[in-house]
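Protein chains: 2
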Amino acid sequence: MSELAVRAEKLDAVDELAAKRAEFVLDEAVYLDGNSLGALPAAVPGRVADVVGRQWGELRIRSWDESGWWTAPERIGDLIAPLVGAAPGQIVVGDSTSVNVFKALVAVVRMAGEGRDEIVVDATTFPTDGYIAESAARMTGCTLRPVTPAEVPGVLSGRTAAVLLNHVDYRTGRLHDLPGLTAAVHAAGAVAVWDLCHSAGALPVGLDEHGVDLAVGCTYKYLNGGPGSPAYLYVRSDLQDRFDSPLPGWNSHAEPFGMRSAYEPAAGAVRGRVGTPDILSMLALEAALEVWDGVPIDAVRAKSLALTDFFLECVSAYVPEGRVESLTPVAHGERGSQVALRCSPTLGSARAGGAPIAGEVMKRLIERGVVGDFRHPDVLRFGFTPLYVGFADVERAARVLGETLSAGEFTAGSGRRTG
Amino acid sequence: MSELAVRAEKLDAVDELAAKRAEFVLDEAVYLDGNSLGALPAAVPGRVADVVGRQWGELRIRSWDESGWWTAPERIGDLIAPLVGAAPGQIVVGDSTSVNVFKALVAVVRMAGEGRDEIVVDATTFPTDGYIAESAARMTGCTLRPVTPAEVPGVLSGRTAAVLLNHVDYRTGRLHDLPGLTAAVHAAGAVAVWDLCHSAGALPVGLDEHGVDLAVGCTYKYLNGGPGSPAYLYVRSDLQDRFDSPLPGWNSHAEPFGMRSAYEPAAGAVRGRVGTPDILSMLALEAALEVWDGVPIDAVRAKSLALTDFFLECVSAYVPEGRVESLTPVAHGERGSQVALRCSPTLGSARAGGAPIAGEVMKRLIERGVVGDFRHPDVLRFGFTPLYVGFADVERAARVLGETLSAGEFTAGSGRRTG
Numbered sequence: 054m055s056e057l058a059v060r061a062e063k064l065d066a067v068d069e070l071a072a073k074r075a076e077f078v079l080d081e082a083v084y085l086d087g088n089s090l091g092a093l094p095a096a097v098p099g100r101v102a103d104v105v106g107r108q109w110g111e112l113r114i115r116s117w118d119e120s121g122w123w124t125a126p127e128r129i130g131d132l133i134a135p136l137v138g139a140a141p142g143q144i145v146v147g148d149s150t151s152v153n154v155f156k157a158l159v160a161v162v163r164m165a166g167e168g169r170d171e172i173v174v175d176a177t178t179f180p181t182d183g184y185i186a187e188s189a190a191r192m193t194g195c196t197l198r199p200v201t202p203a204e205v206p207g208v209l210s211g212r213t214a215a216v217l218l219n220h221v222d223y224r225t226g227r228l229h230d231l232p233g234l235t236a237a238v239h240a241a242g243a244v245a246v247w248d249l250c251h252s253a254g255a256l257p258v259g260l261d262e263h264g265v266d267l268a269v270g271c272t273y274k275y276l277n278g279g280p281g282s283p284a285y286l287y288v289r290s291d292l293q294d295r296f297d298s299p300l301p302g303w304n305s306h307a308e309p310f311g312m313r314s315a316y317e318p319a320a321g322a323v324r325g326r327v328g329t330p331d332i333l334s335m336l337a338l339e340a341a342l343e344v345w346d347g348v349p350i351d352a353v354r355a356k357s358l359a360l361t362d363f364f365l366e367c368v369s370a371y372v373p374e375g376r377v378e379s380l381t382p383v384a385h386g387e388r389g390s391q392v393a394l395r396c397s398p399t400l401g402s403a404r405a406g407g408a409p410i411a412g413e414v415m416k417r418l419i420e421r422g423v424v425g426d427f428r429h430p431d432v433l434r435f436g437f438t439p440l441y442v443g444f445a446d447v448e449r450a451a452r453v454l455g456e457t458l459s460a461g462e463f464t465a466g467s468g469r470r471t472g
Numbered sequence: 054m055s056e057l058a059v060r061a062e063k064l065d066a067v068d069e070l071a072a073k074r075a076e077f078v079l080d081e082a083v084y085l086d087g088n089s090l091g092a093l094p095a096a097v098p099g100r101v102a103d104v105v106g107r108q109w110g111e112l113r114i115r116s117w118d119e120s121g122w123w124t125a126p127e128r129i130g131d132l133i134a135p136l137v138g139a140a141p142g143q144i145v146v147g148d149s150t151s152v153n154v155f156k157a158l159v160a161v162v163r164m165a166g167e168g169r170d171e172i173v174v175d176a177t178t179f180p181t182d183g184y185i186a187e188s189a190a191r192m193t194g195c196t197l198r199p200v201t202p203a204e205v206p207g208v209l210s211g212r213t214a215a216v217l218l219n220h221v222d223y224r225t226g227r228l229h230d231l232p233g234l235t236a237a238v239h240a241a242g243a244v245a246v247w248d249l250c251h252s253a254g255a256l257p258v259g260l261d262e263h264g265v266d267l268a269v270g271c272t273y274k275y276l277n278g279g280p281g282s283p284a285y286l287y288v289r290s291d292l293q294d295r296f297d298s299p300l301p302g303w304n305s306h307a308e309p310f311g312m313r314s315a316y317e318p319a320a321g322a323v324r325g326r327v328g329t330p331d332i333l334s335m336l337a338l339e340a341a342l343e344v345w346d347g348v349p350i351d352a353v354r355a356k357s358l359a360l361t362d363f364f365l366e367c368v369s370a371y372v373p374e375g376r377v378e379s380l381t382p383v384a385h386g387e388r389g390s391q392v393a394l395r396c397s398p399t400l401g402s403a404r405a406g407g408a409p410i411a412g413e414v415m416k417r418l419i420e421r422g423v424v425g426d427f428r429h430p431d432v433l434r435f436g437f438t439p440l441y442v443g444f445a446d447v448e449r450a451a452r453v454l455g456e457t458l459s460a461g462e463f464t465a466g467s468g469r470r471t472g
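From first to last, the protein sequence lines are chains A and B.
Going by our numbering, the final residue of the first sequence carries number 472, and the count climbs one at a time with no gaps.
Going by our numbering, the final residue of the second sequence carries number 472, and the count climbs one at a time with no gaps.
Since the hints were derived computationally from the structure, they do not count as laboratory data.
Careful, some of the hints might be misleading.
Identical chains blur together in the list; that is why a pair holds if it fits in one copy or across any two.
Simulated pairs of lysine to aspartate or glutamate, EDC-like, Cα-Cα distance not exceeding 16 Å [claimed, not checked]:
#1 63 with 339
#2 63 with 76
#3 63 with 308
#4 73 with 317
#5 73 with 343
#6 416 with 118
#7 416 with 297
#8 63 with 374
#9 73 with 420
#10 63 with 294
#11 63 with 297
#12 73 with 167
#13 416 with 261
#14 416 with 294
For clarity, every value in this text was computed on a predicted model and none was experimentally measured.
Taking the hints into account, I'd like the entire structure generated from these sequences.
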């Protein structure tokens, strides 16, 4: 057993979150793709069977009241709240992240003062945020300014209405400075909207503490809500009265069953709702969130950093020099819960024509039970979910990566698959 | 056994759809609320268990390809297509009805010619359509004109950009003239958007045949997709290239995994997608749609009309004269698949102060196993789902309604519950 494997064993033995793994359905594979789709929490199948078979099948329409379907969006929002540092009553679950970005951006432009007609957006963001920001700008008569997060403070002005930022970059795993950037946005008199898709459930967000205005996020990554589970919207309580939604569906009406022809928005987080909530997915998410009972998010962050530190160390030890380079910052303050390795043929390999190999490398890893994902054109992404990934997993993943890149297929001079 | 009960038995004996009932999970109650939440199709629990346990739990991220998750929105759209008279490739499933109304209305305003700046909307529509239409008008610089469907032809002009109509009124069950109104809208050079929530799965819609431009609908009523199951959007094939979505999420990109910062819309129905599809609910819907295998929608319509005819006849026979009045048209061409009965204390009862009794009447019906619903302030709604409601159910429902309204609690002179 290698020195790193021995250390992994010791680290797992003292891991205070180690027991959480038993609350997930996992197999012998090392699952490092929880930053894309979280693993199945063991409580979900039984809950979903009850929602389908009893709540829908037997109680049918009565479940809107008796099974708490109607109030699920706010109730589940309050389960997410402590994970992102929010007091209750500010988060509502529903719709996709893209739809929530649209609601948030249009609403904040409507809150902005006279003469503020620019939306600043992270140009390196997950694409959907940029596309939706462009639509929100077009529909509100604003100009879109795509810049890197580092450039944000320099472009803020009296014309800035809103700034949309990602807490963690989906590609590189870089953690952006939420407190500092939010303060800069506020100093310019503008409103900050944060996308928490890649941070919620992986590290402390501190929405209330840092005075974030609005935030959105998905629930199928570190929150393990299942494929395409509903997203959420946070509107800080003192802004809720000014939240003027571009999607004022009947679920956000002050009296939804009054069936009135005039729209009158509800008070509170409910105002962020739109249409009938998607109950099956929503209640699967509610069951999934039970794994967080008694889990301090600071302990999650500490383990996350230990896992990614250890992974980087193992990669250095096992992967031949120069074959991969990390795109993820070394500094803890700039790192989310994933490691992105650039893996290109120009890095120590002589594959003809510089054809991309990262996609094929990831296929080999998956065949050997190490599941990460590939992002075009040359990035291997590995996500570390502290609730179910252990240190032995990390050592094995790096070892398999090293062996794969040392194999004939991907070494210098091999032209076998250059087609 | 009454004459009506004998007739019900005979009608059930020759009902060619009677066997379909066995494909649903039902009990001894008469479920006449399928126009709000369809009953559970028997195929759903097993399918959902497989989606959760195997597809998510075991295959995890691989299911996006291997379990067909990624293509579900179009695939399931094509399952709905024959039920609404659409050729394949024009329907995409996802988001709520409200969100789809927004996409549709903004897109059609963008298709409209110069000088067209009015959106005409059914003032008697389900409220969310009106709220969303108001938002779409506000965000596109249009004026909203709420009118009754009968008034629509008279207000169409060279300024009309779009007309949003409901195929069947949610409250009265009135079926509107989709072919005639669509032709009138087209004659005025405008675009017609139809909301099919209360018609799809209950009667032939004929989207292609009648040249409807865009349409939306939910899937949890007569399509039995489950609580809050995803809605759908129809964009006629020759309009798809001009469909310019206000919600251009990454799922509607021509190359979603290219992760490009510039938006380029996909061709076809896919363009109506937004964010990551909600897989659990979507695949539950896919299983639910299997009950339609081999069911001609014309047979559904014939049985639906026979059921509502018979219900109205039984109500006349069993309910004391003048205690209820039907808001649902008698003419078949104007009737959907529900019957709405106005039930107010002024109708033959001397309840003090004219206090509403419909809500209490519905409670008693539900206690006696006849499940309809109540719409403020005085409407009893009964939905007739031809796939699982039989004629004996209809006779029993009317009989229980008659007995309830004949009981002391609701008869003339009773002031017991006037608080």
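Results of checking the hints against the structure:
| no. | hint | verdict |
| --- | --- | --- |
| 1 | 63 with 339 | neither (34 Å within a copy, 48 Å between copies) |
| 2 | 63 with 76 | neither (22 Å within a copy, 55 Å between copies) |
| 3 | 63 with 308 | neither (58 Å within a copy, 45 Å between copies) |
| 4 | 73 with 317 | neither (44 Å within a copy, 43 Å between copies) |
| 5 | 73 with 343 | within (11 Å within a copy, 39 Å between copies) |
| 6 | 416 with 118 | between (47 Å within a copy, 14 Å between copies) |
| 7 | 416 with 297 | neither (46 Å within a copy, 37 Å between copies) |
| 8 | 63 with 374 | neither (27 Å within a copy, 83 Å between copies) |
| 9 | 73 with 420 | neither (26 Å within a copy, 45 Å between copies) |
| 10 | 63 with 294 | neither (52 Å within a copy, 60 Å between copies) |
| 11 | 63 with 297 | neither (53 Å within a copy, 57 Å between copies) |
| 12 | 73 with 167 | neither (51 Å within a copy, 61 Å between copies) |
| 13 | 416 with 261 | neither (42 Å within a copy, 44 Å between copies) |
| 14 | 416 with 294 | neither (50 Å within a copy, 36 Å between copies) |
In summary, the structure is inconsistent with hints 1, 2, 3, 4, 7, 8, 9, 10, 11, 12, 13 and 14 from the numbered list given earlier, while agreeing with the others.
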